[in-house]
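On the provided structure of chain B, position chain X as indicated by the hints.
This is what each chain is made of:
There are 2 protein chains.
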Amino acid sequence: MRYYILVYDVNEKRVVKVHRLLRRYLQWRQRSVFEGYLADEELGELLRRLDSIIDESEDSVVFYSLPSDKVVHSFHIGAPPDRFENVL
Amino acid sequence: MRYYILVYDVNEKRVVKVHRLLRRYLQWRQRSVFEGYLADEELGELLRRLDSIIDESEDSVVFYSLPSDKVVHSFHIGAPPDRFENVL
Chain B
79 MRYYILVYDV NEKRVVKVHR LLRRYLQWRQ RSVFEGYLAD EELGELLRRL DSIIDESEDS
139 VVFYSLPSDK VVHSFHIGAP PDRFENVL
Chain X
79 MRYYILVYDV NEKRVVKVHR LLRRYLQWRQ RSVFEGYLAD EELGELLRRL DSIIDESEDS
139 VVFYSLPSDK VVHSFHIGAP PDRFENVL
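Taken in sequence, the protein lines are chains B and X. To convert a position in the first sequence, counted from 1, into the numbering used here, add 78. To convert a position in the second sequence, counted from 1, into the numbering used here, add 78.
Chain B on its own, in the form it takes in the complex (with noise of 0.2 Å):
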């Protein structure tokens, strides 16, 4: 079990797709962001699950794992990121 944070760059046209795929492993956090735990097995899903959805030579998904999320302090500037929530 780690704490990732993931920055998806994703066509319009799956943006939808991957933004519903990712709630339901992970929690939103601003736009393109998702942050939570992920067991090793959730892991292997979610990239299965992914892969069968972006198109590997236009999209782009950065994982970033820790070993929890007590290591990570963090902040933001300007607008709260949660308003996008209704956008999707």
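Simulated from the structure, these hints should not be mistaken for laboratory data. Note that the structure is predicted; figures quoted are calculated from it, not measured. Mixed in with the good hints, there may be bad ones.
As the list makes no split between identical chains, a pair holds if one copy fits it or if it spans any two.
[Claimed, not checked] The list that follows gives simulated cross-link-like pairs (lysine to any residue, SDA-like), each with its CA atoms no further than 25 Å apart:
#, residue 1, residue 2
1, Lys91, Arg109
2, Lys91, Ile155
3, Lys95, Arg109
4, Lys91, Ser146
5, Lys148, Asp129
6, Lys95, Gln105
7, Lys91, Val149
8, Lys95, Val150
9, Lys95, Tyr115
10, Lys91, Arg80
11, Lys148, Asp133
12, Lys148, Ser135
13, Lys91, Val150
14, Lys91, Asp118
15, Lys95, Asp133
16, Lys95, Ser146
17, Lys91, Arg126
18, Lys91, Gly156
19, Lys91, Leu144
20, Lys91, Ser143
21, Lys95, Tyr82
22, Lys91, Ala117
23, Lys95, Lys148
24, Lys95, Gly156
25, Lys95, Ile155
26, Lys91, Phe153
27, Lys95, Phe153
Structure of chain X alone, referenced to chain B:
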């Protein structure tokens, strides 16, 4: 000195200015993602400059602060992120 992962979500009108500012402080990783070490003074300076560019009601910048880059492991799926670099 801490290691930062920064993800921005700003209006198209301001993306170039934000991207160029961030490139002076951090390494670009993916379309809206930068990483790197910042001393407290640099962070303060960067926050002031970002504040002067972004529209607080519309743009959002999330900072993840880590004790070092040794605690985070990152990987990506899909297209290599760096091919966006020539976009700006």
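**OP:** Against the earlier hints, flag every one the structure doesn't satisfy and list their numbers going up.
**Re:** Numbers 4, 5, 7, 8, 10, 11, 12, 13, 14, 16, 19, 20, 22, 23 - these are the hints that the structure violates, sorted from lowest upward.
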